[in-house]
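> Take a look at the letters that make up each chain.
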Amino acid sequence: MIKRDFLALEDWSRDEVDELLSLAARVKRGEIGGGLEKKVLAMIFMDPSLRTRTSFETAMFLHGGHAIVLEPGKGSWALETEPGAVMDGDTVEHIVDAARVLGRYADALGVRSFPRAADWAVAREDPVLRSFAKYCEKPVINFESARRHPCQALADAMTLREKLGQTEGKRFVLTWAWHPKALPTAVPASAALAAAGLGMEIVIARPPGYELDPEDTALIRRLAQQSGGEFVHIIDDPDEATVGADAVYVKSWGSVKLYGKPGEEAALRAGFRDWRLTPARLRSTRGGKAIVMHCLPVRRNVEIDDAVLDGPNSVVVDQAENRLHTERALLLKVIGRES
Amino acid sequence: MIKRDFLALEDWSRDEVDELLSLAARVKRGEIGGGLEKKVLAMIFMDPSLRTRTSFETAMFLHGGHAIVLEPGKGSWALETEPGAVMDGDTVEHIVDAARVLGRYADALGVRSFPRAADWAVAREDPVLRSFAKYCEKPVINFESARRHPCQALADAMTLREKLGQTEGKRFVLTWAWHPKALPTAVPASAALAAAGLGMEIVIARPPGYELDPEDTALIRRLAQQSGGEFVHIIDDPDEATVGADAVYVKSWGSVKLYGKPGEEAALRAGFRDWRLTPARLRSTRGGKAIVMHCLPVRRNVEIDDAVLDGPNSVVVDQAENRLHTERALLLKVIGRES
Amino acid sequence: MIKRDFLALEDWSRDEVDELLSLAARVKRGEIGGGLEKKVLAMIFMDPSLRTRTSFETAMFLHGGHAIVLEPGKGSWALETEPGAVMDGDTVEHIVDAARVLGRYADALGVRSFPRAADWAVAREDPVLRSFAKYCEKPVINFESARRHPCQALADAMTLREKLGQTEGKRFVLTWAWHPKALPTAVPASAALAAAGLGMEIVIARPPGYELDPEDTALIRRLAQQSGGEFVHIIDDPDEATVGADAVYVKSWGSVKLYGKPGEEAALRAGFRDWRLTPARLRSTRGGKAIVMHCLPVRRNVEIDDAVLDGPNSVVVDQAENRLHTERALLLKVIGRES
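Chains as they are written, first to last, in numbering that gives the first Met the number 0: chain A, 0 to 338; chain B, 0 to 338; chain C, 0 to 338.
Keep in mind that the hints were calculated from the coordinates and are not lab data. Here a beta-carbon is modelled for each residue, glycine too, at the ideal position from N, C-alpha and C. Among these hints, one or two may not hold up.
Unchecked claim - Calculated cross-link-like contacts (lysine-lysine; reagent style DSSO-like; alpha-carbon spacing at most 27 Å):
1. B:Lys288 <-> B:Lys162
2. A:Lys27 <-> B:Lys169
3. B:Lys73 <-> A:Lys180
4. B:Lys256 <-> B:Lys169
5. C:Lys180 <-> A:Lys73
6. A:Lys37 <-> C:Lys27
7. C:Lys180 <-> C:Lys288
8. A:Lys37 <-> C:Lys37
9. C:Lys27 <-> A:Lys2
10. B:Lys180 <-> C:Lys73
11. C:Lys27 <-> C:Lys260
12. B:Lys27 <-> B:Lys180
13. B:Lys27 <-> B:Lys288
14. B:Lys37 <-> A:Lys37
15. C:Lys162 <-> C:Lys27
16. A:Lys133 <-> C:Lys27
17. B:Lys73 <-> C:Lys73
18. B:Lys288 <-> A:Lys27
19. A:Lys260 <-> A:Lys27
20. B:Lys27 <-> B:Lys169
21. A:Lys180 <-> A:Lys73
22. A:Lys73 <-> B:Lys73
23. C:Lys162 <-> C:Lys288
24. C:Lys2 <-> B:Lys27
25. A:Lys180 <-> A:Lys256
26. C:Lys133 <-> C:Lys73
Claimed, not checked - Beta-carbon label-pair distances, calculated as ranges:
27. C:Gly63 <-> A:Arg115: 56 to 62 Å
28. C:Gln165 <-> B:Glu36: 33 to 39 Å
29. B:Asp238 <-> C:Asp87: 19 to 25 Å
30. A:Gly208 <-> C:Lys37: 56 to 62 Å
31. C:Asp10 <-> B:Gly29: 27 to 33 Å
32. C:Pro82 <-> A:Arg272: 58 to 64 Å
33. A:Arg28 <-> C:Gly63: 28 to 34 Å
34. B:Asp46 <-> A:Arg272: 31 to 37 Å
Stated by the list, open to error - Now the stretches of chain A that chain B is said to cover, found in silico as 3 or more residues with beta-carbon under 8 Å:
35. 48-62
36. 114-125
37. 134-143
Looking at chain A on its own, in the form it has when it is part of the complex (with noise of 0.2 Å):
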């Protein structure tokens, strides 16, 4: 039997997703029970968790099955991922070593790890992520990586759907907005390729020098016509970007080109202040109308105004029920009864 890993959205046909999608669906009406009894979740937070955490082990405990929340230099060991280190230093366990054990524990590993890599071309390879999926012998579901958070991408594209109905040909506008900090790329480029392989038409607005990783344009663009959408990308205008949107997609991120230099990212950073959500951005939207979306946790009146996140456009809290339901499904595909 091979396991099969949940790395990211795109290493699923679309046929296994749309079938992911009609599961959760299923279970959000309460159609589903029971699937993962005697099933151990092992959930790895390397970085800190609300949403990931709390609904993953609520998916668990209601199919009958059991989340463990480990978090290494806390409350267990601080992890090597070098190969082949002399150990000598402040780790204490191998991921190699954790991976195998766990394996022999529970089910399915959850890793959560944030880009730790001085250098982006590192960053971008996972390396703790796809260390864990190589020495594990049992299934890895990435809880967020530096380049992808297919969790957040399901329920984004579960929420698409409820909204929007048919997603064919509908606008969808991922926005860039300033944030205090340099954050993953992960969530915004999930985010596009879910909607991508919705068949959406795709707008990518970030300030000059914001542009994601370009394999992840590209796949974006490819996504998308495989799709039957579109690829248009819109430069620097936080103004136009929202134009005509049937869902505005919010999202910070940090400049990948200028990965590991915190001080120049700053500096870049700071001249775009401006870009937030504000009430009259989404008076633009196709009739005013557009769905707003944002994977939370969200910087209130910095990435958002309060008006918009509490009025009737916002569906955040509803993507975020999402997340329960999407990765109920997930689980019962991966380790429980529809395996």
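Chain A is already provided as a structure; the job is to place chains B and C on it using the hints.
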């Protein structure tokens, strides 16, 4: 359906509290199984906990449910509590969004948040707890706030009934104790309110400057009168405090008047190190037989002497055990089969 | 009914240990379901853990029970361990009260506490563990103390039996390894005691100054003799240590003689960096076929070379897996259906 929060004991009617206590007694006798199947309690600890955490986690499990432990700022995000805040600082998620999202995953929220405001006028409004209650669509249980600890109060009431039988007219002495820190007044106020609701004669002993919040004192007096009890306020003398008591509840708390002035408060407190329950003072109770109560954790030989804590009068461990039984009853009422 | 603690393997009779190992084998074959319904294990980690935590949490769940993770000083209160302490300092709860209260909520306690005392004469008495066992009315399981790690020893015994078949007369080599820190002697002492109980020929190899506690050495010798085994003590040479071995157990530990003198200990240790299990040394074992054991976490290329750990002789992952099966058996015996 209107959700039912449990923020303070006095928010529930005397009949409702009586019903909770009866249900808790049945739970303790092992008469109630199940009732929380598929239910999830999200527990948010902004301050540490041993009893609350362990008893609620056990309570959920014993009836088929599951409790999730969240510690904002540690394993999950630091929460912003200010309405309308421009979140460009350290907090990464607003309590409004956390409350809304958790309400989608969990069936109830438990929230522990000790006072953080610089000013008692603000702290006494329990802004964190009240925000969760306001923005979460599911019931919120107070796991101890600046002003109230109703779960402790329920266990206190159960213990008083168990140990004293008829409580009406018996003398309940709440006596202040010295402690190296200025603690919240939630426990002493809640304990006195619970005893007042049981029709007891209430005595509060504390050094000058350590009066409870005047509104709380007035409420204790009113509740005692309504329940056929009485209110006697003794000032200034730990040796007189315990005379004739049926129950002595020892607890330290900080000066409300000097709230936000830690230097002055510590200086005032320094003069009262003698406020400690000793064997001699215990002998002054009714027949030397008063039960000794404390919510724990207790500073041994600082608040209460070892000889008292380890002696036959102490009911502190039974009191802690009753946390479990009353919480099982509470959960069954709020989100379970008895709701 | 007398509660049954599990503080050291040698506290249980050979027959009882044999029974545990047989039950563990049946558990591993999937022959035993349920047996811990409505049971709660409170796990107190005063030091970090990956395997112990994950395996016990999984063990409880797989049989219908629930494990609670408590980390005093982190999510819960810092514990005082000194009897009679006047608690006006940093510790907020005495171990006496924590033990009593947890005994009311949980059916058993697991306690991990590495040595904290300044003096080995005190540390070797395992004061934290012993206090929990003394004051808690429910069974206490040692999750690793200064002197013993009996849960690891059980898994070691199971692994030796699985891999070697008949263990009697086979050569078990416990060999010291260099490590950047001075670690407790709990694992090496417990492993050697387990092997001695299986009637093996025991060899302990360590540099001068790294003798185990003399009482432990005497006990290993006595147990070996009682079980029809033998005790050979080799001094000073890591190349000779492994010659003719059937099982090589690699482990680092700090000098008991220099306990409490970290500077002197580190200086002595510095001379022994060559104590490491290399492929060459492995080839000197019986037919080059000895199994290689380690309790994990292991410092790769410091205690054991990658080529050994990732080669066919290594059983460290099976050994870690056996933690789960032996702990399931232990829990069934101590608080479950087999008790």
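> With reference to the structure, classify each hint as holding or not holding.
Structure-based check of each hint:
{"no.": "1", "hint": "B:Lys288 <-> B:Lys162", "result": "11 Å, holds"}
{"no.": "2", "hint": "A:Lys27 <-> B:Lys169", "result": "54 Å, violated"}
{"no.": "3", "hint": "B:Lys73 <-> A:Lys180", "result": "18 Å, holds"}
{"no.": "4", "hint": "B:Lys256 <-> B:Lys169", "result": "31 Å, violated"}
{"no.": "5", "hint": "C:Lys180 <-> A:Lys73", "result": "18 Å, holds"}
{"no.": "6", "hint": "A:Lys37 <-> C:Lys27", "result": "14 Å, holds"}
{"no.": "7", "hint": "C:Lys180 <-> C:Lys288", "result": "30 Å, violated"}
{"no.": "8", "hint": "A:Lys37 <-> C:Lys37", "result": "16 Å, holds"}
{"no.": "9", "hint": "C:Lys27 <-> A:Lys2", "result": "22 Å, holds"}
{"no.": "10", "hint": "B:Lys180 <-> C:Lys73", "result": "18 Å, holds"}
{"no.": "11", "hint": "C:Lys27 <-> C:Lys260", "result": "44 Å, violated"}
{"no.": "12", "hint": "B:Lys27 <-> B:Lys180", "result": "35 Å, violated"}
{"no.": "13", "hint": "B:Lys27 <-> B:Lys288", "result": "25 Å, holds"}
{"no.": "14", "hint": "B:Lys37 <-> A:Lys37", "result": "16 Å, holds"}
{"no.": "15", "hint": "C:Lys162 <-> C:Lys27", "result": "15 Å, holds"}
{"no.": "16", "hint": "A:Lys133 <-> C:Lys27", "result": "25 Å, holds"}
{"no.": "17", "hint": "B:Lys73 <-> C:Lys73", "result": "9 Å, holds"}
{"no.": "18", "hint": "B:Lys288 <-> A:Lys27", "result": "58 Å, violated"}
{"no.": "19", "hint": "A:Lys260 <-> A:Lys27", "result": "44 Å, violated"}
{"no.": "20", "hint": "B:Lys27 <-> B:Lys169", "result": "25 Å, holds"}
{"no.": "21", "hint": "A:Lys180 <-> A:Lys73", "result": "23 Å, holds"}
{"no.": "22", "hint": "A:Lys73 <-> B:Lys73", "result": "9 Å, holds"}
{"no.": "23", "hint": "C:Lys162 <-> C:Lys288", "result": "11 Å, holds"}
{"no.": "24", "hint": "C:Lys2 <-> B:Lys27", "result": "22 Å, holds"}
{"no.": "25", "hint": "A:Lys180 <-> A:Lys256", "result": "15 Å, holds"}
{"no.": "26", "hint": "C:Lys133 <-> C:Lys73", "result": "24 Å, holds"}
{"no.": "27", "hint": "C:Gly63 <-> A:Arg115: 56 to 62 Å", "result": "39 Å, violated"}
{"no.": "28", "hint": "C:Gln165 <-> B:Glu36: 33 to 39 Å", "result": "49 Å, violated"}
{"no.": "29", "hint": "B:Asp238 <-> C:Asp87: 19 to 25 Å", "result": "21 Å, holds"}
{"no.": "30", "hint": "A:Gly208 <-> C:Lys37: 56 to 62 Å", "result": "59 Å, holds"}
{"no.": "31", "hint": "C:Asp10 <-> B:Gly29: 27 to 33 Å", "result": "32 Å, holds"}
{"no.": "32", "hint": "C:Pro82 <-> A:Arg272: 58 to 64 Å", "result": "60 Å, holds"}
{"no.": "33", "hint": "A:Arg28 <-> C:Gly63: 28 to 34 Å", "result": "29 Å, holds"}
{"no.": "34", "hint": "B:Asp46 <-> A:Arg272: 31 to 37 Å", "result": "35 Å, holds"}
{"no.": "35", "hint": "48-62", "result": "holds (count 10)"}
{"no.": "36", "hint": "114-125", "result": "violated (count 0)"}
{"no.": "37", "hint": "134-143", "result": "violated (count 0)"}
Hint compliance for this structure: hints 2, 4, 7, 11, 12, 18, 19, 27, 28, 36, 37 are broken, all remaining hints hold.
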